[in-house]
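Work the whole structure out from these sequences, hints included.
Note that the protein sequences, when read in sequence, are chains S and W.
Letter 26 of the first sequence, counting from 1, is numbered 54 in this note's numbering, and no numbers are missing.
Letter 105 of the second sequence, counting from 1, is numbered 133 in this note's numbering, and no numbers are missing.
Mixed in with the good hints, there may be bad ones.
Remember, identical chains collapse to one label, so a pair may be satisfied in a single copy or spanning two.
To be verified - DSSO-like cross-link-like pairs, simulated, lysine-lysine; straight-line CA separation at most 27 Å:
| no. | residue 1 | residue 2 |
| --- | --- | --- |
| 1 | LYS53 | LYS107 |
| 2 | LYS107 | LYS152 |
| 3 | LYS187 | LYS129 |
| 4 | LYS113 | LYS53 |
| 5 | LYS89 | LYS53 |
| 6 | LYS113 | LYS151 |
| 7 | LYS129 | LYS53 |
| 8 | LYS218 | LYS152 |
| 9 | LYS154 | LYS218 |
| 10 | LYS89 | LYS187 |
| 11 | LYS218 | LYS151 |
| 12 | LYS89 | LYS151 |
| 13 | LYS154 | LYS117 |
| 14 | LYS117 | LYS187 |
If you are wondering where the hints come from, they were derived from the structure by calculation, not from laboratory data.
Protein chains: 2
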Amino acid sequence: MLSRSIPGYDYGHVQRSPVTLDDFKRLQSVVGFTDEDRQALQEAGALLANEAEALVDRWRKIIGSQEHLSAWFVGPDGKPDDDYKAAVKPRFVQWVVDTFKRPFDQTWLDYQDEIALRHTLAKKNKTDDAQTPPVVPLRYLLAFAVPVLADMREHLVRKNLPADDIERLHAAWTKAVILTLTLWSRPYTKEDLW
Amino acid sequence: MLSRSIPGYDYGHVQRSPVTLDDFKRLQSVVGFTDEDRQALQEAGALLANEAEALVDRWRKIIGSQEHLSAWFVGPDGKPDDDYKAAVKPRFVQWVVDTFKRPFDQTWLDYQDEIALRHTLAKKNKTDDAQTPPVVPLRYLLAFAVPVLADMREHLVRKNLPADDIERLHAAWTKAVILTLTLWSRPYTKEDLW
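Listed below in structure tokens is the structure:
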């Protein structure tokens, strides 16, 4: 499902990323992202097509269980903003699907910067007209890589694939997630230090 | 080897990190770092005690093969600063050893902030009185997580451990590396966004 019917999901309709495709190619070479990884992500996407939401549900459960993670979904009354949570969720699921299926081209690059901005003062509450805290601190975004990587492994293991395939698919997922978080760190970073 | 004979290796002798132990405990809970992970890191350290330098050699080879990674080791004459590279290397090896063996306490936390600063304008060339570029951009630091994680897996696989042990040790290494990089991102980040 590559859906544009999700409110606020503006893939292909956002401003150009300040990160160039050449910058991005350099990052891809640092993580060693190859055509085989793209193929592996496609395979993982086909295999887990119906589980993107289940993955996000698990991550949201982790978020919900730690006050320093759930705090960014809380409204001015100190209570979880359920409308905001409900609005964000399908886009989070779509991020999983897109990571599996979308080519890492200019359009994808642009959208990663949009998602990055939507975690910061620039745009966090804008899409959903919410009043939650204006930023998700970078440290939580980066540290959350661990459950996102570990959970994918568990999901792949449960598919009873040969060990080599689990390894190959998980390696591609790891590269994709670290590339993504690296791109998302851009608007948090001081001038010229990114 | 927990050596203080390495020039510029000032473990236990640096300023207090602005990150508190409580901040750090929250990050540990995000990545799910437990006593079992500490134990696993100790085991990995015992197993790979003599291979920390070989790991760093492999990473340096990757760095040397990509101009956008080796650029931060170049002197004002445009050539690699071999003295700087030689000075940095034993501290890089020691970082591997410390990650395996040191408790993640206040002293460790303080030293992660020192290492972070040594990648930025604040301190990059200071320790070795070098004249290389004044900062390693954050994006390369973060993206380099991938070879550092992938290589450790290959090293563990070569030890012919049971698959579960490889998994357990690698999971602990993943948590430690992501925690470390998260801490290292602090001085790069805009006020109040970390």
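Self-check item: Status of LYS152 relative to LYS218 across identical chains (alpha carbons, at most 27 Å)
Solution: both (19 Å within a copy, 16 Å between copies)
Quiz prompt | Homo-oligomer pair classification [LYS151, LYS89; C-alpha up to 27 Å] | solution = within (24 Å within a copy, 40 Å between copies)
Quiz prompt | 27 Å Cα threshold - placement of LYS187 relative to LYS89 | solution = within (22 Å within a copy, 36 Å between copies)
Quiz prompt | Intra- versus inter-copy proximity for LYS187 and LYS117 (alpha-carbon distance at most 27 Å) | solution = Close inside one copy (25 Å), not across copies (42 Å); limit 27 Å.
Practice problem: State whether the alpha carbon distance between LYS53 and LYS107 is at most 27 Å within one copy, between copies, both, or neither. | Solution: Answer is between; shortest inter-copy Cα gap is 24 Å, intra-copy 42 Å.
Quiz item: Is it within, between, both or neither when you check LYS129 against LYS53 at 27 Å Cα-Cα?
Solution: Close inside one copy (18 Å), not across copies (36 Å); limit 27 Å.
Quiz item: Given a CA cutoff of 27 Å, do LYS89 and LYS53 count as a within-copy pair, a between-copy pair, both, or neither?
Solution: Classified as between; 19 Å across copies, 34 Å inside a copy.
Quiz prompt | Alpha-carbon proximity between LYS113 and LYS151, which holds within one copy, between copies, both or neither at 27 Å | solution = Only inside one copy: LYS113 and LYS151 sit 16 Å apart there, 41 Å across copies, limit 27 Å.
Quiz item: For the identical chains here, do LYS113 and LYS53 meet the 27 Å Cα criterion within one copy, between copies, both, or neither?
Solution: Classified as between: cross-chain Cα gap 26 Å, same-chain 34 Å, threshold 27 Å.
Quiz item: Between LYS154 and LYS218, at a C-alpha cutoff of 27 Å, which is it: within one copy, between copies, both, or neither?
Solution: Classified as both; 23 Å inside a copy, 21 Å across copies.
Quiz item: Between LYS187 and LYS129, at a C-alpha cutoff of 27 Å, which is it: within one copy, between copies, both, or neither?
Solution: within (19 Å within a copy, 35 Å between copies)
Self-check item: Identical-chain pair category, LYS154 with LYS117, by Cα at 27 Å
Solution: Within. Shortest intra-copy distance 16 Å satisfies the 27 Å Cα cut-off; inter-copy 46 Å does not.
Going down the numbered hints, you'll see the structure goes against none, and every one checks out.
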